[in-house]
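Protein chains: 2
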Amino acid sequence: MSTSDRSLPVAVFDSGVGGLTVLHECLVSLPHEDFLYLGDTARFPYGDRTPAQLAEFARELAGILLERGAKLLVVACNSATSAALPELRSELEREIPVVGVVRPESRLAAAATRNGRVGLIATPATVKSGAYAEALAEEAPAAELHAVASAELAPLIQAGGEVDHRTLACVEGACRPLKRAQVDTVILGCTHYPLVRPVLQRELGRRVTIVSSGEAIAAEVEARLRASGVENDEHRRGEYRFLATGDPEQFRRAGTRFLQLPIGSVEHVEVAAAGPGRKAA
Amino acid sequence: MSTSDRSLPVAVFDSGVGGLTVLHECLVSLPHEDFLYLGDTARFPYGDRTPAQLAEFARELAGILLERGAKLLVVACNSATSAALPELRSELEREIPVVGVVRPESRLAAAATRNGRVGLIATPATVKSGAYAEALAEEAPAAELHAVASAELAPLIQAGGEVDHRTLACVEGACRPLKRAQVDTVILGCTHYPLVRPVLQRELGRRVTIVSSGEAIAAEVEARLRASGVENDEHRRGEYRFLATGDPEQFRRAGTRFLQLPIGSVEHVEVAAAGPGRKAA
Chain R
1 MSTSDRSLPV
11 AVFDSGVGGL
21 TVLHECLVSL
31 PHEDFLYLGD
41 TARFPYGDRT
51 PAQLAEFARE
61 LAGILLERGA
71 KLLVVACNSA
81 TSAALPELRS
91 ELEREIPVVG
101 VVRPESRLAA
111 AATRNGRVGL
121 IATPATVKSG
131 AYAEALAEEA
141 PAAELHAVAS
151 AELAPLIQAG
161 GEVDHRTLAC
171 VEGACRPLKR
181 AQVDTVILGC
191 THYPLVRPVL
201 QRELGRRVTI
211 VSSGEAIAAE
221 VEARLRASGV
231 ENDEHRRGEY
241 RFLATGDPEQ
251 FRRAGTRFLQ
261 LPIGSVEHVE
271 VAAAGPGRKA
281 A
Chain Y
1 MSTSDRSLPV
11 AVFDSGVGGL
21 TVLHECLVSL
31 PHEDFLYLGD
41 TARFPYGDRT
51 PAQLAEFARE
61 LAGILLERGA
71 KLLVVACNSA
81 TSAALPELRS
91 ELEREIPVVG
101 VVRPESRLAA
111 AATRNGRVGL
121 IATPATVKSG
131 AYAEALAEEA
141 PAAELHAVAS
151 AELAPLIQAG
161 GEVDHRTLAC
171 VEGACRPLKR
181 AQVDTVILGC
191 THYPLVRPVL
201 QRELGRRVTI
211 VSSGEAIAAE
221 VEARLRASGV
231 ENDEHRRGEY
241 RFLATGDPEQ
251 FRRAGTRFLQ
261 LPIGSVEHVE
271 VAAAGPGRKA
281 A
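First to last, the protein sequences are chains R and Y.
If you read the first sequence in the working numbering, its first letter stands for residue 1, the second for the next number, and so on.
If you read the second sequence in the working numbering, its first letter stands for residue 1, the second for the next number, and so on.
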C-alpha cells in the first residue's frame with residue numbers, strides 16, 4: 001500500500017478517548033481530509049506502563065493503522081510520544097510522516113509568548129519526562145518553562161459529568177503558580193484538558209494565550225501533508241472512522257464529549273491482551 | 001440604589017438558558033466582575049409572543065434585576081432585544097447602560113470581514129425582523145448580508161443530547177447558501193448556536209470568521225464599564241449568581257451545557273404567570 005496516495009486517510013492513535021480532542025481540531029481545520037482514529041481503550045490508561053511496553057503498543061497500533069492504509073500518522077498520546085516517538089519515526093518515517101504531541105505545541109507556544117514566560121500544565125509523568133522543557137528550549141532558547149504537574153485534573157475530566165467545584169479547585173490550584181510566574185502563554189500538556197479550557201481561560205485571564213495539542217497538531221498535519229504533496233482538494237468533504245481495542249459502544253459514549261462531533265459506528269479491533277512484550281514490574 | 005457603584009454586578013436577562021452562552025463569554029473575559037443572570041424559564045420560549053408582551057416582560061425582568069442592584073444591564077435575548085431594546089434603553093439609560101444583542105455582533109462582523117460578504121444564521125423571526133440587516137448597514141454600509149433562517153437548529157440544540165446526524169444535516173443546510181455566497185464572516189444570530197460552533201466551523205472552513213453574540217457582548221460590556229468608570233479591579237475574583245422564573249433545578253440542569261462552568265444555586269423569582277399586559281392573539 002503506497003502511503004503517498006492522497007486518497008488515504010490520516011491515521012491517529014491514542015490510549016483512549018483523550019486524543020479525540022486532537023482529532024476534533026483536525027476535523028475542524030481539515031474538513032477535506034479523511035481520518036481514521038484508533039483508541040487503545042482495552043489497555044487504557046498508559047500512565048503506569050514501562051517505556052518498553054509503550055513502544056511495543058505504539059508499534060502494534062501503528063501496524064494496524066498502516067495495514068489499513070494511511071498517508072500520515074499522528075501519535076495523539078503524551079505517554080506514547082515520550083516513550084516511542086523517536087523509535088517509531090526512525091522505523092516508519094521513510095514510509096510515512098509521523099507527527100507526535102509535545103513538539104508542535106512547544107513550537108506554537110514559542111511563537112505566541114511575548115514575555116518569554118511559558119506555563120505548562122500536564123500529568124506528573126509528562127512533567128517528569130522533561131519532554132516539554134527540552135522541546136521548548138530548542139524552539140525558544142531564551143524562554144522559561146514553568147511546569148505544573150496535576151495528578152487530579154485528567155481523571156476528573158475522564159470521570160465526566162459537569163464541571164464542578166472540585167474541578168474548579170483543581171484548576172485554581174494549577175493556575176496559581178503560573179499566575180505568580182506571570183506567564184503569558186500556557187501549554188495544555190494533556191489531551192483531556194481542552195474540555196476545561198473555558199475554566200482555565202477564566203482563571204488565567206483572557207490575555208494569556210492557551211495552546212492545546214489539538215490546534216498545534218492540526219497545523220502540523222496540514223503543513224506536513226502539503227510538504228509531502230498529499231493534501232486533498234479543499235472542495236471535497238472528508239470522512240472519519242473509529243477503531244477501538246475495547247468495547248465500541250463504551251468508546252462511542254465516552255468519546256462524544258471529547259470529539260464534540262458525531263461519532264458514528266466504531267469497529268472493534270483486537271490487540272494483545274496485556275500488550276505483547278510486557279515487562280514485569 | 002446607585003447604579004454607578006463599581007461593586008454592583010452586571011445584570012443579564014434572557015428568556016431561558018440560551019443567554020448563558022453570552023454569560024459564559026462574559027465570565028471568561030471579565031473574571032473580575034460579578035454577574036447576576038435572570039432566566040425567564042417560566043415563560044420560555046419567547047418566539048410566539050407579541051412585541052407588546054415582550055416589551056412588558058423585558059420591563060418586568062429589568063425591574064427585578066435593578067431592584068437588586070446592577071451597574072449595567074445586558075439583554076441577552078434576540079426576541080426581547082428586537083422588541084424592547086430601544087424602549088428599555090430610553091427608560092433606563094440615564095440610570096444604567098443597557099447592552100443588547102444584534103448591534104455588538106454586527107460591529108464585530110463589520111470589523112472582521114475582508115470581502116464585505118457577511119453571513120447570518122438565525123431563527124426565522126430574527127431574520128424577518130431585519131435587525132441584523134439594519135445594524136450591519138450602519139456598521140458597514142458596503143457589506144452584503146446573506147441571511148439564512150433556520151427554524152430547526154435552536155430547538156435541536158435546546159433538546160440536548162449529542163450532536164447527531166439531524167444536527168449535522170441542519171447545519172449543512174444552513175451553511176450551503178453561505179458557502180455559495182462566499183461569505184468570509186458569519187454571525188451566529190441566536191444564543192443557542194455556540195453549542196454547535198465546531199460543527200459550523202468544520203462546515204464553513206477555518207478561514208471563515210464566526211462571530212457570536214457572547215464574545216461581541218463581552219467586548220461591549222468591558223468597553224461600557226470602562227467608559228462609565230465602574231469597572232472592577234482586575235485582581236479581584238468575581239462571582240456569579242442565578243435567578244430563574246421557572247423551576248430552579250431544571251434551570252441548573254439545562255443551563256450547565258450552555259454555561260460550561262459550574263452553576264451553583266439558583267434562586268426562584270416570581271413573575272406574572274402569563275405575562276402582564278398579555279395581548280390576546
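FYI, nobody ran anything at the bench for these hints, they're computed from the structure.
Hints should not be assumed to be uniformly reliable.
Any copy, or any two copies together, can satisfy a pair, since identical chains are not distinguished.
Think about it this way: if two alpha-carbon atoms lie no more than 25 Å apart in a straight line, the pair counts; the simulated SDA-like pairs of lysine to any residue are [stated by the list, open to error]:
| no. | residue 1 | residue 2 |
| --- | --- | --- |
| 1 | K179 | R107 |
| 2 | K128 | D233 |
| 3 | K128 | D164 |
| 4 | K179 | D48 |
| 5 | K128 | H235 |
| 6 | K179 | E231 |
Hints, one by one, checked against the model:
1. In this assembly of identical chains, the alpha carbons of K179 and R107 lie at most 25 Å apart only when taken from the same copy (22 Å versus 33 Å across copies).
2. Taking CA atoms no more than 25 Å apart as the test, K128 paired with D233 passes in neither setting, with 42 Å inside one copy and 37 Å between copies.
3. Proximity of K128 to D164 under the C-alpha cut-off of 25 Å is found in neither arrangement, the shortest distances being 28 Å within a copy and 40 Å between copies.
4. In this assembly of identical chains, the alpha carbons of K179 and D48 never lie at most 25 Å apart, being 31 Å within a copy and 48 Å across copies at closest.
5. When the C-alpha separation of K128 and H235 is checked against a cutoff of 25 Å, the pair qualifies neither within a copy, at 44 Å, nor between copies, at 32 Å.
6. For the homomeric pair K179 and E231, the shortest alpha-carbon distance between copies (21 Å) is at most 25 Å, but the shortest distance inside one copy (40 Å) is not.
The structure shown violates the earlier hints numbered 2, 3, 4 and 5.
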